[in-house]
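S.K.: Chain by chain, the residues:
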Amino acid sequence: MNAQPSITNAAIPEQRQVSWAVSFQVSWAGIRRRFFRSLITMSGVVLAIAFLTYMQVMNDIVRALVRADDAVLNVLLQQAGVDIYAGDAPDRMMVLLIVLSLLACLVGIINSMLMSVTERIKEIGTLKCLGALDGFIVRSYFIESSVQGIAGTVLGCLIGLAVAIAIATTNYHGYIAANLPLLSILRSLAMSLGIGTLLSVMAAILPAYIAARKQPVDAMRVEE
Amino acid sequence: MKAADDIIITARDVTKVYQLGAEEVHALRGISLDVRRGEYLSILGPSGSGKSTFFNMVGGLDRPTSGGISVDGCNLQDLNQKQLAWIRCHKMGYIFQSFNLIQTMTAVENVSLPRIFAGESPAKARAAAAEILEMVGLGHRLTHLPSQVSGGQQQRIAIARALVNRPGIILADEPTGNLDLHTGEEIIQLLADMKKQFGITIITATHDMKMLSASDTVVWIKDGRADRIARKGEFEVAIGTIDGKTIA
Ligand SMILES: Nc1ncnc2c1ncn2[C@@H]1O[C@H](COP(=O)(O)OP(=O)(O)OP(=O)(O)O)[C@@H](O)[C@H]1O
Ligand SMILES: [Mg+2]
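In order, the protein sequence lines correspond to chains U and L. Residue 223 is where the first sequence ends in numbering that gives the first Met the number 0, and the numbering goes up by one at each step. Residue 247 is where the second sequence ends in numbering that gives the first Met the number 0, and the numbering goes up by one at each step.
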């Protein structure tokens with residue numbers, strides 16, 4: 000593909016890649032001004048991560064309460080449908096549901112980023128006409144969809160946590176404050192954050208490479 | 000000042016065949032052309048005659064099926080992707096019919112892009128962009144988004160963006176195609192001014208005879224071939240006699 004450079008053409012330097020920091024600065028304008036569009040992309044992540052966080056945090060709280068082994072509390076737990084003798088056995092159905100929702104969220108990000116590649120073929124072509132290398136296009140898509148995914152993950156964690164605490168408080172009243180398992184809740188939050196971030200970054204890879212394959216001639220096509 | 004016959008672009012027997020399924024579309028059937036440094040060259044021809052295809056080849060955006068194009072004595076077909084990107088960034092400025100500004104970036108951000116791709120820091124690039132926007136008369140619209148200015152102003156931003164790396168060549172494919180007559184003439188005038196001020200070579204494509212006033216050379220393309228080439232002084236006369244014959 001790369002022809003042997005002739006004597007005169009050896010004088011033409013190769014275009015250099017701009018740094019990650021600069022790529023981020025350039026991409027930031029788009030991320031900021033496409034905020035509402037981003038919200039839609041993010042909503043899938045927010046929901047899935049909120050669900051995951053809720054399930055984990057709720058599980059942490061209930062286990063802490065069961066361990067407290069208080070007579071009144073045990074009645075409240077049974078009223079809420081908790082099998083206080085089952086101990087730590089994980090609920091298979093719930094695990095399945097969580098995995099499915101995470102998969103749906105992964106596919107959702109990939110899908111909406113691919114749509115945005117199609118919408119922006121002309122923009123990608125134009126950037127290449129201005130001297131952007133494939134690597135820049137890869138990076139800017141990667142940065143954009145990772146930022147969206149991570150923001151969605153953080154939001155999802157907060158929502159999941161808030162909902163879990165709200166529901167636990169209505170069910171178990173003051174017992175929550177006394178038996179709040181801070182450490183395991185933090186561990187669950189970190190796990191949700193990790194999973195969400197990993198998924199977002201993974202989902203960013205394919206659309207970024209597809210975007211970079213678009214050609215500069217694509218900038219010329221008149222139809223929007 | 001360079002000599003008048005100093006050649007900046009040479010096209011030799013350039014052909015382009017597009018493969019559409021089983022069908023071959025011969026968009027260019029062997030175009031040979033010399034473009035002189037610092038001239039304003041217009042390519043005229045009916046829709047589908049191959050103007051844009053030829054542009055893409057000259058601009059290093061696409062490769063010819065056969066034939067060769069050299070820019071400043073260097074053969075484009077021998078360059079690798081990164082060298083082509085360097086040429087696009089440093090030696091060429093592109094202006095499009097539909098402006099092609101990045102919609103999520105302000106005027107000054109759009110114009111600073113080529114500088115950033117050339118390796119300059121965003122802050123410095125911004126300063127250079129502001130300066131050139133001032134020059135095209137948009138100093139008061141630096142932080143406007145493309146959607147917040149008129150079509151003519153958008154094309155001015157695009158011209159500033161094409162000029163910001165001080166390229167030797169500007170390629171403008173129907174730069175006035177989406178503008179009304181008056182605004183279109185202003186844009187042509189601006190291009191002609193920039194040619195004079197920076198000694199840039201300008202190549203435009205159009206199918207509008209009224210846009211020829213600034214041209215030094217006019218090339219008529221028909222069915223993928225250079226039908227006729229006229230230097231300044233020849234084509235004013237020519238227009239009267241061949242009007243309607245070659246223009247769709
Ligand atoms: N990507 C492509 N695939 C197949 N055929 C193409 C492609 N691009 C252009 N063509 C064909 O090549 C010929 C020349 O097209 P080109 O776009 O260069 O014309 P043009 O002179 O720029 O026309 P217009 O004035 O309408 O812009 C046309 O017949 C067109 O259909
Ligand atoms: Mg065209």
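Source of the hints: derived by calculation from the structure; they are not laboratory data. Each hint should be verified, as a subset may be incorrect.
The calculated DSSO-like cross-link candidates involving lysine-lysine, where the alpha carbons are at most 27 Å apart (straight line), are [said to hold, decoys possible]:
no. : chain 1 : residue 1 : chain 2 : residue 2
1   : U       : Lys121    : L       : Lys81
2   : L       : Lys195    : L       : Lys209
3   : L       : Lys195    : U       : Lys121
4   : L       : Lys90     : L       : Lys123
5   : L       : Lys231    : L       : Lys221
6   : L       : Lys194    : L       : Lys90
S.K.: Which numbered conditions among the earlier hints are violated in the structure presented, ordered from lowest to highest?
M.R.: 3
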